[in-house]
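S.K.: Keeping the supplied structure of chain A fixed, place chain B upon it in accordance with the hints.
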Amino acid sequence: MDYRERWELKEYQSEQRLGRRAILLHVVIVCVITGFLGMFWYLQIVKGTDYALLAENNRLRRIAMPPTRGVVLDRHDEVLASTRPALNLVLVREGLTDADAQLKRLEGVLNIPYDVLKARLTAMRTRPTFEPLVIKEDVHLGEIAKVEARREWFPSVEVEQTALRDYPDGPAVAHAVGYVGEVGETQLAKITDGSLQQGDIVGRTGVERQYDDTLRGRRGWKLQTVNSLGRPFGTSQPGREPEDGLPLQLTIDKGMQRKLVEALASEVGSGIFMNPKTGEVLALASTPGYDPNVFTAPVSRTTWTALINDPNHPLNDRAISSFYAPGSTFKVLMSIVGLETGAITPSTTVYCGGSVMVYNRRFVCWKKEGHGTVDVHRALVHSCNVFYYLLGRKVGIDNITKYAKMFGIGELSGIDIPGESRGNPPSAEWKQRVHKEPWYPGDTISVSIGQGLLAVTPVQMATMISAVANGGTLVRPHLARNASAPPARLDVSAGTLALIRDALADVVEEGTATRAQLGPIRVAGKTGTAQVFKKSVGVDADKQPKAERDHAWFIGYAPADNPEVAFAIVIEHGGHGGTTAAPVARQVLEVYFGDRLPKKEEAPELQAKAEARPEERRAQTSAAR
Amino acid sequence: MLRRRLLDRLDVPTIAAALALAAVGMTAIASATSQQPGKSGLWTTQLAWLGIASIAAIVVIAVDYHVWAEFSLSLHGVAVALLTGVLLFGKAVGGNKSWLAIGPVTFQPSEFAKWTTCLAVASFLAKRVHDRIRFVQGLQLAALIGVPMLLIAKQPDMGTALTFVPISLAAVLLGGLRWRVVAVAFIAVGLLAPMGWKHLKPYQKERILIVVEPDRDPSGVGYQVRQSKIAVGSGRLTGKGLFKGTQTRLNFLPAQHTDFVLAVIAEELGFIGAAGVLALLYYLLYRGLLAARSSQDRLGTYLSLLVVSWLMGQAAINIGMVVGLMPTIGVPLPFLSYGGTALIAVSCGVGLIANVRGRRFVN
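Quick note, the sequences are listed as chains A and B, same order. Using the numbering used here, the first residue of the first sequence is number 1, and each one after it goes up by one. Using the numbering used here, the first residue of the second sequence is number 626, and each one after it goes up by one.
Hints in this document: simulated from the structure, not taken from any laboratory. One should not assume that every hint holds.
[Claimed, not checked] Simulated pairs of lysine to any residue, SDA-like, Cα-Cα distance not exceeding 20 Å:
hint: 1; chain 1: B; residue 1: K752; chain 2: A; residue 2: V90
hint: 2; chain 1: B; residue 1: K752; chain 2: A; residue 2: T225
hint: 3; chain 1: A; residue 1: K47; chain 2: B; residue 2: V837
hint: 4; chain 1: A; residue 1: K222; chain 2: B; residue 2: L787
hint: 5; chain 1: A; residue 1: K47; chain 2: B; residue 2: K722
hint: 6; chain 1: A; residue 1: K10; chain 2: B; residue 2: L798
hint: 7; chain 1: A; residue 1: K47; chain 2: B; residue 2: G949
hint: 8; chain 1: A; residue 1: K10; chain 2: B; residue 2: V730
hint: 9; chain 1: B; residue 1: K752; chain 2: A; residue 2: Y12
hint: 10; chain 1: A; residue 1: K47; chain 2: B; residue 2: G847
hint: 11; chain 1: B; residue 1: K869; chain 2: A; residue 2: T225
hint: 12; chain 1: B; residue 1: K869; chain 2: A; residue 2: L54
hint: 13; chain 1: B; residue 1: K869; chain 2: A; residue 2: E137
hint: 14; chain 1: A; residue 1: K47; chain 2: B; residue 2: G945
hint: 15; chain 1: B; residue 1: K869; chain 2: A; residue 2: K436
hint: 16; chain 1: B; residue 1: K752; chain 2: A; residue 2: A52
hint: 17; chain 1: A; residue 1: K118; chain 2: A; residue 2: A149
hint: 18; chain 1: A; residue 1: K10; chain 2: B; residue 2: A818
hint: 19; chain 1: B; residue 1: K869; chain 2: A; residue 2: E56
hint: 20; chain 1: B; residue 1: K869; chain 2: A; residue 2: A52
hint: 21; chain 1: A; residue 1: K10; chain 2: B; residue 2: E838
hint: 22; chain 1: A; residue 1: K10; chain 2: B; residue 2: G866
hint: 23; chain 1: B; residue 1: K752; chain 2: A; residue 2: Q13
hint: 24; chain 1: A; residue 1: K47; chain 2: B; residue 2: I897
hint: 25; chain 1: B; residue 1: K869; chain 2: A; residue 2: G48
hint: 26; chain 1: B; residue 1: K752; chain 2: A; residue 2: S236
hint: 27; chain 1: B; residue 1: K722; chain 2: B; residue 2: L787
hint: 28; chain 1: A; residue 1: K10; chain 2: B; residue 2: D922
hint: 29; chain 1: B; residue 1: K869; chain 2: A; residue 2: D50
hint: 30; chain 1: B; residue 1: K779; chain 2: B; residue 2: V837
hint: 31; chain 1: B; residue 1: K869; chain 2: A; residue 2: T235
hint: 32; chain 1: A; residue 1: K47; chain 2: B; residue 2: E838
hint: 33; chain 1: B; residue 1: K752; chain 2: A; residue 2: Q16
Chain A on its own, in the form it takes in the complex (with noise of 0.2 Å):
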């Protein structure tokens, strides 16, 4: 082989090792792309139903759709509660680059600090940037106004619709009504089933609270295809309609509601007003009282501590949820204990000389210079002390226990909404079990008039002298006109019952209670002045500290010999129930019986007043006719 043979050879050799590598090469190539059709055959064909699923969902957002949230309405049809279209400003974050500038301005032309929308703004930097800020919840149309003129200074301020519960009358209806919020955490985690959602507006206090279910409706919503950033594309797809919330009915009488709340405005208390004989409530208030109307829209830090802070608790509903010493009002639950024990007659007597000596002490009565001889009847109207004091002692605890289990007291009266308290029933076992102290006979004499080892709310002296009014039945009160529920028949002689309201009805004509007359309606009840401070006792009530003070009850029903309403009222360091507690229940009793008082010439005060109320004067002018 010479060397051009050589070389030709080995150029041969050389050639054929490179077609043979790149026969490799094409191997590579082809096994790399039949690699990937495969793969792609795995994803597209094999799982392609999965990821299409997958797809769907990236595009498909459900929306809720809040359902309107059901009225609420007095018993004449008056509206309480309902729901109205609200504006909001908002600030569009998607292209937003001047926003600095556009807050500058809104600062001058809507006075909202420019540092308070700032931060604010800040905060939301981790929310998707459809989501606007909201710059001002509720907006009235002047203020849209005074936007909208000066549009090109505001390229992504918006307005926003929305629907926010509204209390015409505020803080009338605060405590009876409630109010509404956001779902709390709390309440969240306790749903399982899904009917709430974070957002979700439920009934916070009151009926809104309680008939929460029912006035809520069911949350609707459809599908919406939305980009990445969740922003709403295109048209939606339908998906269940929302159910809005049904109507509630109460029982509640919206004159009397606004006229007790006016009453008792000036004073720390509270009032209730019921049908004693099917437990209707009629009025329901709590002073002082809040505008439930700030709960709709997120409450500001600061209104929130100011409700908390304030002394007089605001937020509590103190006919439901406050208990206090009864006093002299319990004086009608003795009387029922001593006749049906038979540890006195009616005509039983007893001499009242200021005090008493009972067990080595000395209790006195509220008016020094006694009584004198008085039997049962004249010991309620002119609330003997003394003769509670003997009659306590002769009955003893356990009949005293017995007897204002029996009436509900110190049992929660089952009123419908959220919040009551039991008091303090007054007995021994109640005492041992607190305590850890044995029950003392002396103790027993202090609960006899009403103080002591006892604490009732409003609402329950309301069912108590409900009973007394309707003949001895136990009704429960309610709110919601269709919660009635069947009355307990207590085994209280009817005789018994008589003579009581008898002395009832003197109490207002002739004794303590003379301030809650109302002409041709006879009204009847009984005072109470429960004790502060021991040294009250006998002391001018006007004469002391306020927060010395006793606090004054007045609880009765009207008319007297057929009644249609009961009342408690409790006024916080009032004096005595007769001085300020007793007027208060006038001045609702004659919203309630207006149409049949005569037309009050000797009270042009009221008079004026009249002319301020359309619903009285309708009432004046059908009594007229």
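M.R.: Okay, now just chain B, sitting in the frame of chain A:
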């Protein structure tokens, strides 16, 4: 005269395959960007780039590849100089400093470097006497490929640097390396890999871990891979229809018109569309292999095979990323992804194939 001969010898099937891929890409870009504010006209920009790329390819085809080989080292030198320039004066886009601005024109020298690397390696391999890589040759090859690769890795554009791996593997395969050496090299890489792992940035590690563990961090690093797979998978057999892909049009899929353009095609045209693209790609590469086999000399063979390896490697990295088999690294799909410099570079690459094919008969 020259023009006549050029037209006679024009490798029409290869050019047609490349243009077909570019057309599919442009449609996908138009669909992917139609709902994106300010980007809806992007496909026309790509069309303009295709015009420029065609002119560049014609220039590459017109000049005999032996002449290109003659100047390969100088061209490669220019590429390396430009890459050095990028590190010194480059313009950063999306964290990577890979752009160079000359007047109003900005371009990525790294794309140009891929082309010159193929050219330089091919002419180096063709010129030598022995057809086995010995130590010195190995060093020379390593320098030719390694210098631009390291400069690109320094930008740091790991994706583009990675496309040099298939080129160097092809160079070693075609140049001829003893199997012993190959085995030793693999063991060395295997041993060094854990060290290299430590040098990776956390986000790079995450992207590699996603491949092993697809459900990792679905809203973070895993998001893109997951959304890409959803886009591909939800296309099923026939796709959702052109301009109807929800993943694409609602923006769930990021970078849909650049690196993930194949996901758009797979979503809107289904398995048929994806398989079609793979078929076209295979046909283009097959034309390259054909040019290599029929080449008049070894230079032509090397040149064609290297360009084929480059395109195949880059496509494999991109497609692997789209179907979740490769970590997410920015590598465009040849001819389909949006991007001017990349399109010009691959067109010049295919131009070399057509050049070799057109000059297969010795005059």
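S.K.: So which of the earlier hints does this model not fit?
M.R.: Of the numbered hints given earlier, those the structure breaks are 1, 2, 4, 5, 8, 13, 15, 16, 17, 18, 21, 22, 26, 30, listed in rising order.
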